[in-house]
Every structure is written in C-alpha cells, then in structure tokens.
Amino acid sequence: MPRKTKTTAKKHTTIPPTAKAPAAKATAAVESPKSAPAAVSPVAANVAPKVVKDPTPVAAASEVHATKPIGKPHDAAALQPVLAALRDLDADIAREAASSLGLLGDAAAVEPLIEVVANANGYFHSVVRSAAAVSLGQLKDPRAIDALLNAVHDPIADSSSEAIHALGALGDRRAVSTLVEVTRNRSGYFVNSVRRAAVLSLIKLGGEEAQSELRLVSEDLGEDPVIRNEATAAVTVNQG
234 MPRKTKTTAK KHTTIPPTAK APAAKATAAV ESPKSAPAAV SPVAANVAPK
284 VVKDPTPVAA ASEVHATKPI GKPHDAAALQ PVLAALRDLD ADIAREAASS
334 LGLLGDAAAV EPLIEVVANA NGYFHSVVRS AAAVSLGQLK DPRAIDALLN
384 AVHDPIADSS SEAIHALGAL GDRRAVSTLV EVTRNRSGYF VNSVRRAAVL
434 SLIKLGGEEA QSELRLVSED LGEDPVIRNE ATAAVTVNQG
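For the sequence shown, counting from 1, position 139 maps to 372 in my numbering; every step adds exactly one.
Derived from the structure by calculation, the hints contain no laboratory data.
Heads up, a few of these hints could be off.
[Claimed, not checked] Taking lysine to aspartate or glutamate and the DMTMM-like style, the derived pairs with C-alpha atoms no more than 20 Å apart in a straight line are: (1) K437 / E344; (2) K373 / E348; (3) K437 / E414; (4) K437 / E463; (5) K373 / D325; (6) K373 / D405; (7) K373 / E344; (8) K437 / E348.
Work the whole structure out from these sequences, hints included.
Quick look at the structure:
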C-alpha cells in the first residue's frame, strides 16, 4: 500500500487570511472559513477592520519583558495588560502579546494561550494562533498538549506547523501517533511544510514508533526531497 494517496479533499492553505490589508491592519476576528475542514468549528463572520492607534498593551508587554527575568513568575497586575492584549482587535498587537507571553515564561499565561490556540469561537486570527502555539512550546506546560494536538488540524498551514513544532518542544510522546498521521497524509490535507514540521518533531520526540516512521519516510523514493533528507539524516544518526 502506498504511504500517501492523491485526493481531491480539502487542503491546507499556506496563505493566511489578509494579515495586513492595504488600508488598515487586520483584526483579530478576520478569518476565512473556506479552507476549514469539517471537523473545525465554524469561523466567526468577518468584521470591519479596526486600526488601534494606542499601542499601550504592546508597550506594557515590552515593559514587563524588560523589567522581569525570563522564566520567573511575574506580578499579576503587570501581566494583566499583556493577557488582555491577546484579544485586541488589531491582530498585530494580539500577536505581539502572544509572543511576549512565551518569553516571559509565566505559567499564568498557559490557559489564556490555550484558549487562543483552541480558537473555539473563531475569534483569533491565524497569526495570533501561530504566536500562541510558539509560546506554548516555549513554556513547555503539559496542560497544552490536547489543544496543540487539535491545532495540528488548523486550516492555516502556518498555525498547524507551529502547533506541531510546539508538540516537539513539549517532548510528550502522546503526540507521536498524530504526527505519524500527518507525515502519511492519507487524506491529502496537509501541505509539505506541515509534513516537514511533523518529521522534525518526530525526530525530537524519538521512540520506536517515531523511528519506524522516519525510516519509512527515508526509504520512500516518491517523498518530497527535503522531507526525505530530514528523515534520512535522523535515521543515519540513530544507526550510527
């Protein structure tokens, strides 16, 4: 049986919904439902873009980052503006807040970041979801595993890739079977950039199941050359 099959099923899109419109920055709520698979929750209707001129939440994030050591608990009052900025209508501000929370290293940010990645009501723009996934990978909190596993199927390829990279960073081998399914891509849904992310995370996670899949990828002459080379290098190292 071939490891991958051609299909006309819906695929990822590698182009996020308009992140930077010509006249105004994107809003956190703007998201196109057209690429979403059936299993993904319906996406909220588009709203008019809003330009936020007062960058106070982002300034607060920078100030907290500059005055507190990374990886240490932070004063709740100082952290609140950064958490609040996650829901800013300006996606750039929300993205910067999500990124700052990973660098700050405060466990109080884990649940809010999980909410962003889960995106249950379709509010959060893909650039914010991507940044939140990166931060969850930096925080390495096991509470994030379920949300990140679900985010593997995010309709936007970049958000899916970042969730996969975060799973590799968490080091929880419960993610292996999901990542194997991504690399095999039987539905044809995952683009190669996402499949490569899955291979890289399988390399990080290790274990018999991951190594078996990497060997199959390395031996598949029909595989994308970049993906195959990553798997071959990992198999060679393990055999050496």
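Right, here's what the structure says about each hint:
1. K437 / E344: Violated - the C-alpha atoms of E344 and K437 are around 25 Å apart, more than 20 Å.
2. K373 / E348: 16 Å, holds
3. K437 / E414: Given that 20 Å is the threshold and the Cα spacing comes to 16 Å, the pair holds.
4. K437 / E463: 12 Å, holds
5. K373 / D325: Measuring from Cα to Cα gives roughly 24 Å; hence the hint is violated.
6. K373 / D405: 10 Å, holds
7. K373 / E344: Distance of about 12 Å is within 20 Å: holds.
8. K437 / E348: Status violated; Cα separation ~26 Å.
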